[in-house]
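Participant: Protein chains in written order, with my numbering: chain A, 1 to 379; chain B, 1 to 379.
Read the hints as simulated data drawn from the structure, not as lab findings.
Careful: at least some of the hints might be erroneous.
List of simulated lysine-lysine pairs, DSS-like, C-alpha gap at most 30 Å [what the hints assert, rightly or not]:
# : chain 1 : residue 1 : chain 2 : residue 2
1 : A       : 242       : A       : 277
2 : A       : 262       : B       : 277
3 : A       : 264       : A       : 277
4 : B       : 246       : B       : 264
5 : B       : 277       : B       : 246
6 : A       : 242       : B       : 242
7 : A       : 262       : A       : 277
8 : A       : 242       : A       : 264
9 : A       : 277       : B       : 262
Protein chains: 2
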Amino acid sequence: MGLHLPEANVGLVRTHYWTFAQTPDELPLDCGRTFGPITVAYETYGTLNAARDNAILLIHALTGDAHAAGRHLPTDRKPGWWDPAVGPGKIFDTDRYFVICSNCLGGCMGTTGPSSTNPATGQSYGLAFPVFTVHDMVKVQAALVRHLGVRELACVAGGSLGGMQVLEFAIRFPFLVRAIMPIATTWRLTPQAIAFNEIGRTAIVNDPNFHDGNYYDQPGWPDDGLALARMIGHITYLSEEKMLQKFGRQMVDHYGARLHLKSKFQVENYLQYQGDKFVRRFDANSYLYLTRAMDLYDLEEDWGTLQNAFARIRARIMLMSFTSDWLFPPAHAERMHGVFQELYKDVVYHNVVSPSGHDSFLVEYDTILPLMRSFLNAE
Amino acid sequence: MGLHLPEANVGLVRTHYWTFAQTPDELPLDCGRTFGPITVAYETYGTLNAARDNAILLIHALTGDAHAAGRHLPTDRKPGWWDPAVGPGKIFDTDRYFVICSNCLGGCMGTTGPSSTNPATGQSYGLAFPVFTVHDMVKVQAALVRHLGVRELACVAGGSLGGMQVLEFAIRFPFLVRAIMPIATTWRLTPQAIAFNEIGRTAIVNDPNFHDGNYYDQPGWPDDGLALARMIGHITYLSEEKMLQKFGRQMVDHYGARLHLKSKFQVENYLQYQGDKFVRRFDANSYLYLTRAMDLYDLEEDWGTLQNAFARIRARIMLMSFTSDWLFPPAHAERMHGVFQELYKDVVYHNVVSPSGHDSFLVEYDTILPLMRSFLNAE
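Could you put the whole structure together from the sequences, leaning on the hints where they help?
Facilitator: The following block contains the structure:
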């Protein structure tokens with residue numbers, strides 16, 4: 001087991017779909033409504049063993065999808081979102097593990113969300129979609145895991161909103177998981193992070209093409225608002241240091257003169273490009289619902305104290321934060337680490353020195369993969 | 001002079017207007033155009049002495065105005081923006097000093113800006129207003145000071161964009177000023193701060209009521225965009241600590257249920273209130289031009305090095321930054337302090353411990369006023 005074989009990629013993969021919560025077995029949500037049917041888009045890599053206990057669940061962040069590794073077509077420019085971590089000989093070794101990743105509830109990458117058609121009306125749900133919580137999101141993750149025949153998960157891992165779901169999964173399904181890696185995450189957002197989310201939502205709702213969420217059959221969609229929300233997000237994901245490295249104060253697009261109102265700094269150009277690119281792949285209503293689920297997540301409100309919440313966890317825990325992450329600050333991970341220690345949990349905590357801000361878990365592979373490997377192999 | 005008399009307020013004051021740069025004596029701007037006429041809105045408190053050297057120039061920040069102290073009407077709910085610092089016996093002691101404050105070029109509080117009428121066309125300038133720089137802004141400040149008969153300023157003080165003008169004033173008019181207080185400011189913005197400004201501008205320009213800046217005679221103005229820009233600004237002015245103190249994660253406006261998409265956290269409500277309030281007093285085009293002037297300010301680009309720029313300054317200097325200010329970080333003030341020391345300038349630097357973020361200079365009077373007083377009295 002200590003032998004590291006050469007790493008390889010998972011190759012060509014495809015997304016699968018599973019539908020559950022059909023009438024009358026709809027899923028009870030925290031808001032009091034029941035909801036269904038729910039289709040889940042998911043991918044798997046590797047094979048479930050006979051004991052059905054070698055599965056690993058990866059959970060994506062706010063704008064991710066079920067496509068964690070490999071390519072759908074040989075011509076795909078980019079592989080899945082955590083490809084450096086998934087494959088034969090990699091951390092999440094598909095020769096040993098059965099790796100699962102699904103698009104989360106309310107998303108827009110194949111799992112039922114506000115852009116899906118409501119079978120009762122034949123129309124997209126739009127804002128008629130129920131408000132859901134991180135707890136509701138992991139109910140769907142757990143249903144999928146059981147549907148795939150898994151008896152026990154060797155690990156659940158993810159960053160940011162994915163990390164919130166990792167914590168919630170271990171709290172709600174303590175007997176289903178042996179180890180967790182909540183990365184760049186928190187038990188609740190700061191008011192500052194909520195405020196940034198709110199500004200993104202305001203930009204979407206103010207867009208004249210929003211039409212109270214019923215824009216799907218309109219000629220124009222709320223692209224400007226969604227792009228602006230993404231631009232705000234991008235600033236909060238990057239650290240100041242990274243922005244300085246990446247852009248400095250270089251100007252582009254001079255319109256013939258630096259002192260032109262429309263002249264752009266490189267950082268402006270980059271953000272507008274990112275915003276415009278984002279609207280081609282993401283749904284504005286999903287953005288509203290998913291950021292709201294993040295805002296509402298608060299283990300202290302749900303359980304009285306963090307101690308009460310974390311006392312339920314039976315899994316080994318590897319917490320990871322990043323020094324330059326000001327959206328999910330290391331102080332939050334430190335606090336969680338302290339509570340886990342008070343409770344005599346089997347916990348390790350890495351505050352990784354990184355200039356890459358909140359996005360470090362999708363960037364700083366040289367640093368994070370060895371830490372993840374040694375934690376996972378310590379089983 | 002060491003005796004502190006009881007402090008008093010300046011009482012009722014009024015705003016004055018002075019017009020200069022009439023044809024053919026228009027003001028040459030950095031962009032290459034000449035511009036005029038320019039009307040300047042200003043207030044003064046106290047009396048110029050016979051030597052004409054007891055004047056103090058206060059320079060407001062991005063959204064401020066000429067009304068630094070006192071009240072226009074006995075019923076005014078609030079006094080001027082730096083009232084705790086201006087009056088008989090206060091730091092800027094109107095029994096000793098002749099205090100001047102003017103609305104800056106491009107503003108919308110009485111000084112000529114994009115919302116002013118272009119006498120050549122009878123229409124508002126809108127985006128036909130020339131792009132101006134911080135250097136252009138202090139040319140107007142200096143013209144006013146000379147018009148008022150001042151031979152030498154005892155001090156020039158201001159925070160944020162006002163602080164940039166303070167630095168620029170001392171660099172461009174070294175023989176006109178004996179002491180400066182650049183507060184919560186920098187010789188150039190970080191890419192992060194530029195990015196926040198750009199998002200605010202994008203929100204304004206995307207607003208369907210913007211009409212390429214010619215909204216003044218339209219029924220609707222780009223209020224949503226401007227409010228959003230203000231909301232972004234507000235987050236960057238406050239520290240995370242202050243937001244936590246101020247709002248926590250309290251919810252308001254429950255629509256009968258916490259799990260309602262439109263339920264609001266207090267911080268969201270506050271930001272929307274601030275945004276809505278702001279649009280009643282500020283002009284969207286001024287916001288575009290003034291934030292652009294901030295972005296463009298870069299003493300290293302203008303002078304090759306910070307040493308070259310600061311070598312020109314003859315005034316005593318009191319630099320002040322705030323520990324929780326992440327928009328104009330203390331590291332920038334430290335860098336400037338180091339350069340002043342290299343140049344053997346008469347400089348003091350206070351990095352004030354404050355939870356109030358960038359806005360500290362408008363809030364933390366108990367801490368900052370004694371520091372300002374002892375610097376000013378050391379003359």
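Participant: Each hint needs a verdict: does it hold in this structure or not?
Facilitator: Hints and how they fare:
The hinted pair formed by residue 242(A) and residue 277(A) meets the criterion: a straight-line CA distance of about 21 Å does not exceed 30 Å. For the suggested pair residue 262(A) and residue 277(B), the alpha carbons sit about 28 Å apart, so the restraint of at most 30 Å is met. About 18 Å separates the Cα atoms of residue 264(A) and residue 277(A), which keeps this hinted pair within 30 Å; it holds. For the suggested pair residue 246(B) and residue 264(B), the alpha carbons sit about 15 Å apart, so the restraint of at most 30 Å is met.
About 19 Å separates the Cα atoms of residue 277(B) and residue 246(B), which keeps this hinted pair within 30 Å; it holds. Under the criterion of a C-alpha separation no larger than 30 Å, the hint pairing residue 242(A) with residue 242(B) is consistent with the structure, at around 25 Å. At most 30 Å may separate the alpha-carbon atoms for a hinted pair to count; residue 262(A) and residue 277(A) meet this at roughly 21 Å. The suggested pairing of residue 242(A) with residue 264(A) holds, with an alpha-carbon distance near 19 Å, which does not exceed 30 Å.
For the given pair, residue 277(A) sits about 28 Å from residue 262(B) by alpha-carbon distance, which is consistent with the 30 Å threshold.
The earlier numbered hints are all upheld by this structure, with none contradicted.
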